[in-house]
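Chains as they are written, first to last, in the UniProt record's numbering: chain D, 1 to 444; chain F, 1 to 444.
Derived by calculation from the structure, the hints in this document are not laboratory data.
Please note: incorrect hints may appear among the correct ones.
Since the list can't tell identical chains apart, any single copy or any two copies may satisfy a pair.
[Said to hold, decoys possible] As a list, the in silico DSSO-like pairs of lysine-lysine whose alpha-carbon atoms are at most 27 angstroms apart: (1) 408 x 88; (2) 207 x 181; (3) 442 x 207; (4) 68 x 442.
What you are looking at is a predicted structure, and each value in this text was computed from that prediction instead of being measured.
Protein chains: 2
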Amino acid sequence: MKTVIIGGIAGGLSAASQIKREDHGAQVVVLEKSGDVSYAACGMPYNLFYKDKPVEDLYAMSLEAIRKERGIDYRLHNEVVTIDPLRKEVTVVDHQLSREYRESYDYLVYATGNQPNRLTLPGFDDADVFYFKTLDDTRLVKSIIYEKSPSNVILIGSGYTNLELVDVLYNMKIKPVILEKSATILPSFAEEIRAKVLEKLEEKGIKLHTNVDITEKQGSVVRTTTRDFEAGMVVVSIGVRPNTALFSSAGGELGVGGAVKVDRFLRTNLPDVFAAGDCAEHYVRQLGRNGYMPLGPVANKQGRLAGSNIVNSNAMKEFYGIDQTAVFKFFDLTVATSGLSERQLQENGANYVKVYVDTSTRGAFPGGGTMRVLLLFEEGTGLLLGGQMIGQDVVAKRLDVLATGIYKQMTVFELAELDLSYSPLYSPVWDPLLIAANKAIKYV
Amino acid sequence: MKTVIIGGIAGGLSAASQIKREDHGAQVVVLEKSGDVSYAACGMPYNLFYKDKPVEDLYAMSLEAIRKERGIDYRLHNEVVTIDPLRKEVTVVDHQLSREYRESYDYLVYATGNQPNRLTLPGFDDADVFYFKTLDDTRLVKSIIYEKSPSNVILIGSGYTNLELVDVLYNMKIKPVILEKSATILPSFAEEIRAKVLEKLEEKGIKLHTNVDITEKQGSVVRTTTRDFEAGMVVVSIGVRPNTALFSSAGGELGVGGAVKVDRFLRTNLPDVFAAGDCAEHYVRQLGRNGYMPLGPVANKQGRLAGSNIVNSNAMKEFYGIDQTAVFKFFDLTVATSGLSERQLQENGANYVKVYVDTSTRGAFPGGGTMRVLLLFEEGTGLLLGGQMIGQDVVAKRLDVLATGIYKQMTVFELAELDLSYSPLYSPVWDPLLIAANKAIKYV
């Protein structure tokens, strides 16, 4: 059995590794068009901080280990240019050897990831405009930072990635200014969480301009309909779109958000072609349908399942889905969410209640801080629908309790009965989650 | 309606506060025999470290706030000496005014806590032998440490409290030696977790002697059947027993571990007498019966429920119980458990499987470490029965995911499907819990 995998970063390498894990004799060819093996993309902002830490430290493993330890035929600089689903083969350009060749497959995994949306305005193709998406982007940004020492930066867009960059660059003494087209930031968070992020921006003296309509860039000046901004570098992060051109050219069907349409087994409409990761749809458990939420863990999980389903084609398993859990760091704050957002609840016409509490994170002991916990739950039943948290100390892994509760369809009454770990070094005697739940049950 | 509460620390103050919260006009008298209001007992070891931090910093709130803000008639140095369940009154000695008086009640909450087991061997009544249980004990130990600067300490017993003290005292340059009667330490932990604690003791050069049979203490020398030990101070922590003398003298019935027998509503056999906290039994959900596990959170929860049931005597709620969750810090390690222990599983003849994994806690980023996750689950079904973790970084609040899963009767298959928060600053892309679950499903 021979599997060809297009794209070798998160989903692709996971699929390849799983096939070899379950069927040692299987032939697996990974065709990766860049010069980088699988890497931890979410770690890129933090690598900038360390001048002497090569970006290659973000590699999941070395090319040699992928080849020798895992037995995968992993080829860098090999770009697939067409898929022929009838002949079951792909055409590949090897950019290093400057040759084109064909590779046949029994199974194909499409794992091409996504790409940043680009600003198609005058001047935004300049060399000092960056899309912080790949390891190559990271190399470029890092070289600018350490070679040109810019004193300030314009960040266009205010999603997770740019907020993480704001944090990192500010701490590197590169003053950030954020330009956002919308009226607000972080639309998937409730305003009570968002408010804390805005407070932090203000505390740090970082300017956020919303409702900004950019017109062009001229040299170091970004012009908008109302005023000009100037900075030594510009980072644009205004959303992503799945890489699907190759797939759709071959007759592949697209779905939510223009991503590769997959069934619960991660099969596409093309025979024996699976898709995984940032190029594909992701099943959202609470909605009971596919959505599009490109994040590292889901890419890894989907890749692993696609690989497993290829090996076990007579006993395939459904992808169990996601609960839209996400987290990012913002200065001393951790910001995290799981489950449905308020916006999604409104879109679905849900009868929901929102409560939040502000609490300390661990009594009066060093290392503690404060935390806001926000719960979204169904009116009448108390079914937990979503949870968001922001604060110092342990937020991310406390949020996981809510993610677990959402997965298990827990009510706020049940949440209030949890026996959570307590020592004053880790928690107040009533954990913030219990305090929030005890408030919530009064409003069911 | 008048409620008298005997004992005003965790369960007692919680009950009092809840009554006033739900029925502002209710009369609540708290009779506390010591001179201290409710305090965070679990914080006592860590207070030792700070010479200038008064132990009163551990108070949950001030006497004035309890009286004025909460409207509770809280009386210090007032010891109840008899309960008359027929006349529904208690006899009280006010040690400050040296007078005895009677106080009638409609409802009584018995919340007297527990006391340390004592070593009844020659020499162990000396002034340099400490039982680290109350705020007064903490004052004594603290005065010895800062006035006499002992260079070493003998800790008798190796439970959580003594291990926390080992950590604190070692860091204060007071060299600890541990003497343990049993063959092993931490019997409620699996040997794979225990091994990590033992490794840490060895790494720090701290001597643990097991199977030790102490015969007497003479001056600074503790004699055993095999050899002598010498130290500037001795701390004994060999278990606790519930304070029940007053209750049983009044005809009260005792249950598991000699604690006050309570039904699910926290009622005792005496009419209109409830019990809560360290003096009472605690319902263990997984066993479906009462056990005895005196910890801060359960005392607070039981106190709150007892108070609520007194106010709502026609619509009482059952105590939802505990899952035996516990955590303690030991140097750079956090050690945590939830659910049934291996010993309990064996005692109950359960068909269980045990797996564990060693993982990193957050990829290659600063602040991470390693962690051992151990899962206990039912053979055949994969039902999660218990979870234990030890490691650096965020252990306590990760353990809470297992506590949540145990509460919701989750299987290891479900655990593997959780959508846990990921950013390289907080977790590897496969969270340690997912890695453990993915291993576990192979052994169901």
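Alpha-carbon proximity context of residue 442 and residue 207, limit 27 angstroms: neither (39 angstroms within a copy, 52 angstroms between copies)
Within, between, both or neither, where residue 68 and residue 442 count as close if Cα-Cα is 27 angstroms or less: Answer is between: at 25 angstroms across copies they meet the 27 angstroms cutoff, but 59 angstroms inside does not.
Intra- versus inter-copy proximity for residue 181 and residue 207 (alpha-carbon distance at most 27 angstroms): within (14 angstroms within a copy, 64 angstroms between copies)
Homomeric proximity label, residue 408 with residue 88: Cα distance no greater than 27 angstroms: For residue 408 and residue 88, the Cα distance exceeds 27 angstroms both inside one copy (41 angstroms) and across copies (46 angstroms).
Of the numbered hints listed earlier, those contradicted by the structure are 1 and 3.
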